[in-house]
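Visitor: Listed here are the chains, written in short residue letters.
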Amino acid sequence: MKSITRRSVLAAAPSALVFAALPARAAKQYGPGVTDTEIKIGNTGPYSGPASSYGTIPKSTAAYYRMVNEKGGVNGRKINFISYDDAYSPPKTVEQARKLVEQDNVLLIASPLGTPTNSAIWHYMNQKKVPQLFVATGATKWDDPKRYPWTIGWQPNYQSEGHVYASYILEHKPDGKIGVLYQNDDFGKDYLKGLKDGLGDKVKSIVVEAAYETTDPTVDSQVIGMKAAGCDVFVNTGIPKFAAQAIKKVAEIEWKPLHVISSVGNSVGATLKPAGLENAKDLVTDFYLKDPTDPQWKDDPGYKDWVAFMDQYYSEGDKTDGGNVIGPCFAQTLVQVLKQCGDELTRENVMHQAANLKDFTVPMLLPGITINTGPTDFAPIKQMQMARFDGERWRLFGPLISGAVSG
Amino acid sequence: MTVPPHETALLTRASPRAAVLARPSPRHIAIGVSIVIALMLPLFMTSFITFQLTLVMIYGLAILGLNLLTGFNGQFSLGHSAFYGIGAYTAAILMDQADLAYYWTLPCAGALCFVVGFLFGLPALRLQGLYLALATFALATAMPQILKFHLLEPLTGGVQGIAILKPDPPPGVPLSADQWLYYFTLAVLLVMFAGAANLVRSRTGRAIMAIRDHPLAASAMGINTALYKTLTFGVSALYTGVAGALGAIAVQFVAPDSFTFLLSVSLLVGLVIGGVGSIPGSLVGGLFVLFVPNIAESVSSGLAGAVYGVILLLVIYVMPSGAAGLAHLLAARLGIQPNRTYR
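So the protein lines, in turn, are chains S and L. For the first sequence, counting from 1, position 61 maps to 61 in our numbering; every step adds exactly one. For the second sequence, counting from 1, position 42 maps to 42 in our numbering; every step adds exactly one.
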């Protein structure tokens with residue numbers, strides 16, 4: 001009899017605990033990895049391997065959380081940012097993401113880096129219903145709240161950029177004959193698709209679609225082909241090496257098209273200098289972040305704050321590297337989501353608040369660009385601004401342009 | 001292996017050959033204990049550790065494939081990431097587009113890799129040592145680009161790769177998906193390891209090793225060196241290809257960036273750590289490949305690569321002939337005579 005009594009007491013205990021816990025839960029709801037003093041956030045990034053030059057992005061993100069913690073955390077809770085190396089290898093990302101979710105018990109995974117790596121954990125995160133927030137990649141597919149309600153992008157996707165180029169061309173050269181240079185993979189095709197969709201019924205004005213392989217030695221023949229076909233608009237979406245070759249070739253054959261270059265290839269150091277700055281004059285492109293090398297921001301309060309942050313918390317980071325600009329932006333966006341969550345830090349509410357950002361902005365976005373999301377809108381940044389190269393640096397011009405495209 | 005003592009005695013008297021079969025050698029005991037432990041492990045581990053151990057077995061199998069070629073036949077390869085990738089893509093494409101059950105993809109991946117390995121072995125016949133290493137290196141470098149090639153894109157999914165669903169355990173089996181995959185992999189592993197052990201012990205195996213030790217003498221003995229070398233290439237690719245297929249099923253995703261040259265290097269590291277020419281050593285190699293980068297990262301995330309290098313150097317210094325060599329040395333010190341010795 002004795003044992004039965006003991007057993008029934010034991011059986012009753014959990015239900016008593018549940019009742020005791022109920023009133024408390026109404027006030028504070030915690031998902032995995034959350035306590036009164038801490039929120040565990042997971043992340044993966046390429047600290048080693050072929051893409052290790054991007055490793056500075058999660059490092060600058062981590063530095064920003066250190067600053068947040070020193071200033072008291074988010075609603076009194078410190079952020080415990082656990083970031084693992086995946087060497088840009090998809091199977092390793094799966095292993096590390098599972099470690100974060102199943103062993104470290106993180107509340108969510110924030111700004112994991114890379115398109116193939118995020119693709120590898122896409123199904124897993126949605127199966128497990130763990131938020132995969134603000135992925136650090138420009139692919140368009142992350143904006144798919146119906147099929148993947150636990151994954152959300154951040155930066156403007158390549159298709160949106162294509163849209164923006166289309167509306168610029170329609171405004172300035174409505175009767176132009178367009179030649180497009182693109183990389184023969186999903187990244188290049190995203191641009192092409194965005195451009196075509198943006199042109200709408202004017203899509204026939206694209207007369208040459210020239211693809212290149214990353215293994216090609218040059219893109220000279222593609223450029224010459226466009227001039228021969230009578231194009232007067234050139235949309236150049238190549239990565240820096242090929243974008244530079246194309247700019248040089250355009251000057252060599254004395255072709256004078258309206259030359260649009262994509263954000264992937266618009267770096268002054270990586271593309272324009274090798275191509276020759278004099279050849280790059282009058283190029284147009286788009287920006288959404290403040291370029292840290294651009295002197296026009298030197299008195300901007302957002303830029304000054306960023307420099308102060310870099311000096312104090314990430315002094316070894318390179319202040320001309322755009323990666324160190326975008327890293328803190330990811331952190332600032334997540335901090336806003338956590339603030340909005342208040343004391344209801346469950347995975348469901350995190351996702352709900354991530355899809356409930358209204359006119360939020362972070363200091364290193366171009367003035368006026370805001371982050372907006374909704375239950376059917378998982379593309380936080382949709383605005384960009386055009387810029388023209390004056391022979392020395394990019395000059396922003398015109399209004400902010402929106403190019404919302406969902407995946 | 002649990003034969004009562006008096007029965008052993010009877011058998012010994014009856015026939016000396018039967019006695020050899022019946023008396024459990026230290027080696028057999030070790031294998032038996034390992035299998036029992038392997039069977040018990042998932043019951044006590046979290047699903048994440050179970051998943052990691054599944055990956056260890058998969059890398060172990062891939063390293064065994066490389067071992068058959070390099071350790072037993074003396075042909076060097078830096079291209080096994082390509083065979084691993086072909087196996088993985090075969091499984092992923094068959095599951096994704098042909099709706100084939102996951103277990104049928106293994107023989108398909110193995111067969112395809114055998115053919116590819118055999119064909120690659122033909123031109124490789126003319127190459128020795130460093131030159132063969134370079135040729136196989138080219139294979140490893142070409143693989144990710146071939147997978148991205150636009151004509152193959154409808155099949156391979158281009159740079160985005162292919163996502164596949166994790167197989168559920170058969171109805172009525174009270175296991176989680178991770179546990180089921182662990183046991184499935186373990187079963188495949190045991191069959192493949194037994195196959196490799198038999199191959200190495202057979203007449204064919206002796207021919208394969210004779211070619212490694214002295215190619216000229218081997219052909220003087222009447223061994224068809226060209227045939228055996230290409231066949232070994234094929235079998236080696238088969239093993240690594242089956243591992244690739246299992247890897248795709250476990251990770252649920254394939255992409256060209258998963259099968260770069262770095263994977264080949266990892267397999268080679270595992271081979272040397274486990275012991276060149278040791279079948280069980282391949283599993284030790286798998287453990288090293290999976291866990292040591294994680295250990296290095298936990299020591300210092302900034303210097304993970306350097307820490308990994310230091311660990312690698314220490315391990316090579318402490319056991320220059322790999323884990324298998326160390327095990328033999330310890331066994332000899334303890335006075336246990338292994339019933340067979342491999343190199």
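Since the hints were derived computationally from the structure, they do not count as laboratory data. Don't take every hint at face value.
Claimed, not checked - Taking lysine-lysine pairs in the PhoX-like style, the calculated list, with each CA pair at most 20 angstroms apart, reads:
1. K281/S / K304/S
2. K173/S / K128/S
3. K227/S / K177/S
4. K248/S / K204/S
5. K166/L / K99/S
6. K248/S / K166/L
7. K28/S / K339/S
8. K256/S / K177/S
9. K281/S / K166/L
Visitor: For each hint, tell me whether it holds in the structure or not.
Guide: How the hints compare with the structure:
1. Between the alpha carbons of K281/S and K304/S the distance comes to roughly 29 angstroms, so the proposed pair goes past 20 angstroms and is violated.
2. For the hint pairing K173/S with K128/S, the CA-to-CA distance comes to about 49 angstroms; that exceeds 20 angstroms, so the pair is violated.
3. Between K227/S and K177/S the alpha-carbon distance is near 10 angstroms, which keeps this suggested pair within the 20 angstroms criterion.
4. Of the pairs offered as hints, the one joining K248/S and K204/S is violated, with about 27 angstroms between alpha carbons and a cut-off of 20 angstroms exceeded.
5. In summary, the hint linking K166/L to K99/S is supported, as the alpha carbons are separated by about 17 angstroms, within the 20 angstroms threshold.
6. Of the supplied pair hints, the one linking K248/S and K166/L is violated, its CA atoms being roughly 50 angstroms apart against a limit of 20 angstroms.
7. With a C-alpha separation of about 14 angstroms, the suggested pair K28/S and K339/S falls inside the 20 angstroms cut-off, and the hint holds.
8. As the CA atoms of K256/S and K177/S are separated by approximately 13 angstroms, the hinted pair is consistent with the 20 angstroms bound.
9. Between K281/S and K166/L, the direct Cα distance comes to roughly 53 angstroms. Violation of the 20 angstroms bound is thereby established for this hinted pair.
The structure fails hints 1, 2, 4, 6 and 9 (numbered hints given earlier, in ascending order).
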